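*Asks:* Line order of the protein sequences matches chains A and B. Residues 1 to 362 (the working numbering) are what the first sequence spells out, left to right. Residues 1 to 362 (the working numbering) are what the second sequence spells out, left to right.
None of these hints come from the bench; they were simulated from the model. One thing to keep in mind: the hints can contain errors.
Same chains, same label: a pair holds when it works inside one copy or across any pair of copies.
BS3-like mimics (lysine-lysine), calculated; alpha carbons at most 30 Å apart, straight line [stated by the list, open to error]:
1) K359 / K271
2) K311 / K233
3) K233 / K60
4) K271 / K135
5) K91 / K107
6) K4 / K271
7) K110 / K253
8) K135 / K264
None of the values given here were measured: they were computed from a predicted structure.
Protein chains: 2
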Amino acid sequence: MKEKRIYNFNPGPAALPLPVLEEIRESFLNFGGSGMSVTEVSHRSAQFDEVINDAIERTKRLLKLDDKFRVLFIQGGASMQFCMIPMNFMKDGQSADYVNTGTWSTKAIKEAQIQGKTVNVVASSEDKDFSYIPKDIPFNSDAVYAHITSNNTIKGTQWASFPDTKGVPLISDMSSDIMSRAFDVNPFGFIYAGAQKNIGPAGVCMAIIREDMLEMVPDSVPSMLKYTTYSSKNSLYNTPPCFAIYTVQLVLKWLEETIGGLDKMEEINRKKADRLYSFIDSSDFYRGTAELESRSIMNITFRLPSEELEKSFVQKGLENDLGGLKGHRSVGGCRASIYNPTPPEAVETLVDFMKTFEKENG
Amino acid sequence: MKEKRIYNFNPGPAALPLPVLEEIRESFLNFGGSGMSVTEVSHRSAQFDEVINDAIERTKRLLKLDDKFRVLFIQGGASMQFCMIPMNFMKDGQSADYVNTGTWSTKAIKEAQIQGKTVNVVASSEDKDFSYIPKDIPFNSDAVYAHITSNNTIKGTQWASFPDTKGVPLISDMSSDIMSRAFDVNPFGFIYAGAQKNIGPAGVCMAIIREDMLEMVPDSVPSMLKYTTYSSKNSLYNTPPCFAIYTVQLVLKWLEETIGGLDKMEEINRKKADRLYSFIDSSDFYRGTAELESRSIMNITFRLPSEELEKSFVQKGLENDLGGLKGHRSVGGCRASIYNPTPPEAVETLVDFMKTFEKENG
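Please take these sequences and the hints and turn them into a complete structure.
*Replies:* Right, here's the structure in full:
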């Protein structure tokens, strides 16, 4: 039982900015002078319109989206997008390119194939246990889209820059690095991100769609699975996950107003990651698992000399108020997820703990 | 701007029990001694396992479900179920029966038809503007299921008892009356309910499935749209909407431990509805819109002598701290939604206000 808040390195659901949590708590019984909780107000009220529209406007400003992009909020997480993307964008006789960089890419591919869609896996890093991001990828010029996973939470890899698909719309799962760095959105036809890592709680997925992609959506897709439904109704076709969208709004407000935007956020994130990687590289006890130039600035994956030490490291970490340091159950090892809300002090405290643990066990 | 909480007659998202909101607020920065918010804990943690399993066990006890029923939590609201039900339960060459009792039934039918499924609308109350629940329905013995909407939020009607489908699995959208009354679940193959009326916030849909229905699910359905995925993974195949499930757990705990279960809840709900209907029936100023024996105990729909008076009634209501009295935008009029969390005092206060309004405007 913890009396106080701990530093949280969970991979998702993950830490949220403390001022955001405090604002939610403060207004929880009476939101915006409505006399109701944010969980009780109508999604058709002026109060909620302000929430969702502010979240959209902040997203547009932060990512420098022009008017050809629409911002949508969809339920079901990134996993639902794995099936909605081929359902909306790929017709019979068409094919799409996928780059396989780990568990989430593999699932995205599988959900297209379940529907009988034609998928070309144009590159994969499976040969080296997904420890790197492939280069010089032979994208097909007739693909309807090219799908990548911008950051791989489990293996700790990230695309340092995005590939040139020669005009084929790029689609990316950005669940674990959206809003963590500045990038040029123009090559992208569609971007999606489960909120529960960088921008909010579990229960909502942000999607950014370029309007020409909306023309690809077939009529035979059910309403709740069609991007056109969300786009034409401002994500209010049915009752949206109001609380989750409200939290996203507050996180984006914090990102714009307290942090100062994506350039600042990226600078902070790179410093946090550099601090951890430099320490790991300087140690003979800890060993990073991702190839140098493919390293993620969000999920720092590393191993210790033995599985027993790793188990002890995770346990001792928690005893020292450092939570969530266990690697994904499918790969083992250790992992520190340091998304936007993780403050630099958390990383400093972690490095101190790692030093002490090494001394005691090295 | 309201300084205090108001009485909330919203149709959904709707009022939540005050003790539930207070408990969420209390634990919001440090949930269950985890040192994290409930929005920050891992969905694979022991803490969250306890939340979801407790919500499931309480549902089973409250509804007297035996082991052949599974309780699932799915995103996308009841609207997502409109498409998932035919996708999971109806193969080519098969057909299903639907009873059309209003907007939500109509949408459920439409989402089956979009997918090219064969739907038999075996009864409809459209002839009288959906003001009643049909009787003596000619269900087809070869239908794979028979679909009804147990309570119709917009028109204020409700099935007083469920129809005999002669062994064909009954499926019901119970979004607006789940957990409001005791009933025999045995004829049901599948029950679903968007949480945001009786049992929680928007962002999660409770589904109850009889295990034989799981055998009907085809392999060609994407993972996130298959009931078997949710059933085999205890609704934890991917990150679930943790906060919404947590709130549902607390509402069910309140229902079991504070209210005392469904028989007690039903008694309270019937008294609240009787109070309002008796007053409306005793007045020449207000007029109920649903036929007597089809009246909902959840959504009390009524009209005033003119649309102008209705507009003024809704406005004055809000000024008197009574929110959400406007009828659905598609039908106009007035509506008081009095789900489980609405206390009897709220109904008394509303009746007093209605009397005063009648005196001043009658």
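*Asks:* Please go over all the hints and tell whether each is borne out by the structure.
*Replies:* Quick rundown of the hints versus the structure:
Taking the shortest Cα distances, K359 and K271 sit within 30 Å of each other inside one copy (25 Å), while across copies they are farther apart (69 Å). For the identical chains of this complex, K311 and K233 are inter-copy neighbours only, at 25 Å across copies versus 49 Å inside a copy, given an alpha-carbon limit of 30 Å. Within a single copy, K233 and K60 get their C-alpha atoms as close as 18 Å, which meets the 30 Å cut-off; across copies the closest is 36 Å, which misses it. Taking the shortest alpha-carbon separations for K271 and K135, only the intra-copy value of 26 Å comes in at or below 30 Å, while the best inter-copy value is 69 Å.
In this assembly of identical chains, the alpha carbons of K91 and K107 lie at most 30 Å apart whether taken from the same copy (20 Å) or from different copies (25 Å). In this assembly of identical chains, the alpha carbons of K4 and K271 lie at most 30 Å apart only when taken from the same copy (26 Å versus 45 Å across copies). When the C-alpha separation of K110 and K253 is checked against a cutoff of 30 Å, the pair qualifies neither within a copy, at 36 Å, nor between copies, at 39 Å. In this assembly of identical chains, the alpha carbons of K135 and K264 lie at most 30 Å apart only when taken from the same copy (28 Å versus 65 Å across copies).
Consistency note: the structure conflicts with earlier hint 7 alone.
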